[in-house]
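Protein chains in written order, with our numbering: chain A, 1 to 272; chain B, 1001 to 1308.
There may be inaccurate statements among the hints.
[Said to hold, decoys possible] Here are some chain B residues pointing at chain A (derived, C-beta under 10 Å): (1) G1078; (2) S1139; (3) V1142; (4) R1150.
These aren't lab readings, by the way, just hints derived from the structure by calculation.
Ideal placement from N, C-alpha and C gives every residue a C-beta, glycine not left out.
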Amino acid sequence: MNGLNLRLKHDPGVELDARSISSELFALGPDDVRARPLKTIGGRATIPLGELFDIDDAPPQHLQLAGDLRRFHGIGTGWSAGALRVDGPVGDAFCSGMSGGTATLAGSARSRACQQLRGGSVTIDGNVGDDLGAPYVGRVSGMSGGSVLVRGTAGRYAGFRMRRGTILILGDCEGGLGLEMVAGTLIVGGSAKGEVGASMNRGTIILGHPAEFSEICFTRPRECRLGIARLIADQLPEEAASIAKMLRGPIWRRLGDLSAGGKGEIWTGVNA
Amino acid sequence: MTSRPTESEPLVVAGIPIERTFAEAFDMKATRLILTAHDRQWVSESAAAMVGFGTSIIACGIEIAVERELTPEETPDGRPGVAILAFAVSGKELDKQIARRAGQCVLTCPTTALFAGLEGTAKVPLGKTLRYFGDGYQSSKVIGGRRYWRIPVMDGEFLCEAETARVDAVGGGNFLLLGRSLDRVLDACRASTEAIRPLAGVITPFPGGATRSGSKVGSKYKALFASTNEAYCPSLHGLVNQPFGDEVEAIVEIVIDGMTPQQVAHAMRVGIEAACHRVGPAGLVGVTAGNYGGKLGRHHFHLQEVLG
Chain A
1 MNGLNLRLKH DPGVELDARS ISSELFALGP DDVRARPLKT IGGRATIPLG ELFDIDDAPP
61 QHLQLAGDLR RFHGIGTGWS AGALRVDGPV GDAFCSGMSG GTATLAGSAR SRACQQLRGG
121 SVTIDGNVGD DLGAPYVGRV SGMSGGSVLV RGTAGRYAGF RMRRGTILIL GDCEGGLGLE
181 MVAGTLIVGG SAKGEVGASM NRGTIILGHP AEFSEICFTR PRECRLGIAR LIADQLPEEA
241 ASIAKMLRGP IWRRLGDLSA GGKGEIWTGV NA
Chain B
1001 MTSRPTESEP LVVAGIPIER TFAEAFDMKA TRLILTAHDR QWVSESAAAM VGFGTSIIAC
1061 GIEIAVEREL TPEETPDGRP GVAILAFAVS GKELDKQIAR RAGQCVLTCP TTALFAGLEG
1121 TAKVPLGKTL RYFGDGYQSS KVIGGRRYWR IPVMDGEFLC EAETARVDAV GGGNFLLLGR
1181 SLDRVLDACR ASTEAIRPLA GVITPFPGGA TRSGSKVGSK YKALFASTNE AYCPSLHGLV
1241 NQPFGDEVEA IVEIVIDGMT PQQVAHAMRV GIEAACHRVG PAGLVGVTAG NYGGKLGRHH
1301 FHLQEVLG
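Looking at chain B on its own, in the form it has when it is part of the complex:
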């Protein structure tokens, strides 16, 4: 239940004040992959490896996570699978990261196969690159206008679609949950990520869907281009200027990447409402969002509009 206040009235969800600010997000390149395997265990093993170390483009080069599980009826080869979404700052970086991860985490995993999960003209190579592992014993088939590579491996064949598509997308939608206690804020965080997980076209790439290391641009150390955002570290209360009082004990940030701005906005709304309704004012002091003054990212998700 979200109230619809005027500009001068406070924005409130389930009794929790929502700051009139915005999340600043960025243009990214994205792709979707369909990973299948003989059974759910091998799907999970391979997917976990594929999306590992894929929380932030800052050092991982890519933000990647499982979008949702797929039933055998939903996959091209009739086996259990998952849809994976991946985001990077450029098409070139996306190509590089996907080829590495597919090669080391999917090709290597028993029984897996990898397919395109998107249609489009801009392409990300999959089997087109990995086929060379076949050392001349690889072969391809064009079926229904799509090329698939078959690479002989020790458990049979690794089947991999030649390429998937790449589209323009949005990365860095976010909101911060300001908690009265660590337990309460973690509970709110779980409610958020559980509510966002079933949504199509979005991922929350950080561990458990949330991060505690919200960052600001720059650092006192020249080698770093991002560092801890001390204004949101409750442990520094009284030492630095902070936009909240000492009733805030812990904060977590939910970061959302999405295929479209609309999907990101919807996920933010769903996540904020779920968190607020789960713990109420006894658990959260407020909800806010992270931005860089609006100068870095083209997409501004104003909380009052997202929740409107």
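This is chain A alone, in the form it adopts within the complex:
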């Protein structure tokens, strides 16, 4: 059984640690997949995968899940190769620590999606909660590679301490965007609430709409044309056409956060 199709039979009634729903399943036989235990969160019980899902074959290196998976946390953790597709909403920590392959979520994710992402490509059609691409609790830096596309909105602290890779959010963001960002590229097509890039050390935040900046922590905006902006524009998907257009023209660039080294930058399309 090299590819798997998992359809949720019923709501589990409890919150589940679903980190074992990962690319490791590809290496297991049918019986082992069905016996794969999911731990309950806050309890000692485990539930075998086969009790919760109808399981059948899928194309090689494809794991497909369907159902309301909001009680399933950590789906796709450590995903390293192959294609993960989820039809329906998921819980926290979707694709945490992923290092390769692709993941597509036709639904929304709760908090800490793509935390500590290291590689691969994640597409989320719906919204995400707080701490997108953030570090594991207690870690210094967050996402260190790969790319994330969120077609909906993002909660607070998107890109918190991200160090490498690219996050593209087409919708709006709550406060704390790019908080303590270490490096990488964070692009937001919608509006961003609150101060953007607070305590960012390096990295680039690209905003499709005006936002708030600390006047004392960022330089005054300067108009410029950057070759790197053109290269970024050429890589954006069609649905980010307005940002791509902005990047191909002159942009306004601020440097900061001056209280944290000042080597980060925020680009906007207008002087605002």
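Go by the hints and put chain B onto chain A.
Frame of chain A, contents of chain B only:
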């Protein structure tokens, strides 16, 4: 129009005899760079500096020239540019020369950017080395799996891809045009290089694509490992043994480096035919090629096969 003679028949192009000999060429390491700038003037200025003093590995360390001009639609950053090909005897020498030239001729030139023009596993560092000029203010971005360095400079940012690829290639494809007069042979030479210039994957690194100083291996002077090839100096006619008569007044050699042997052979054919058709038998006594007896270079381009 090239005749297809048997082994015993003379090889002739446009009435000009082609000697049954071969050009001896060598294995080299090569890379391609894409240089862009704000407008065509700055592209040309930077490219001219980058490829300057890059005619022969004998003393330049590298053979380098513009392969072709690129339109904005063909470059990574949507600006006018050129593709540059560079050849050296080893990967180490290529790395050294490219880093020096990129640092002194591209980084220094207003508005330029430098990109990889080849894909491959063996790498030649570009921005990976030059980034240190940024003195800590440099930053990098990985876009589409490729790393680019951004170095702050006085007109904005110097954008430079981290590295380009290096491939095995061929250097030293050649042919010699034996002219009845200096004017005629120069005319033939221009026809050759104009015909070769649009070809992909090849360069003619000498000034104007041609050299007059065809060399032999060794010298009477111990310090020199190459010296003038007196057998092809018409001014020494009667003094040394020469493979042509006194009707030859001047000779030029077209030297071709290419990414593949096939591209070198094709360029030789295109160049020889263009020269012969331009001036005809009234201009050229013959065409031959330079070799070292076949003992030094692995690639032998026999003129009868090249033109076959």
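Do the hints match the structure? See the list:
1. For B/G1078, the interface hint holds, since its Cβ comes within 10 Å of a Cβ in chain A; the closest pair sits about 6 Å apart.
2. With its C-beta approaching chain A no nearer than about 6 Å, B/S1139 sits inside the 10 Å limit, and its interface hint holds.
3. A cut of 10 Å between beta carbons decides the hint on B/V1142: the least distance to chain A is about 7 Å, and the hint holds.
4. Taken as an interface hint, B/R1150 checks out: its beta carbon lies about 6 Å from the nearest beta carbon of chain A, inside 10 Å.
Violated hints for the displayed structure: none, as all numbered hints are satisfied.
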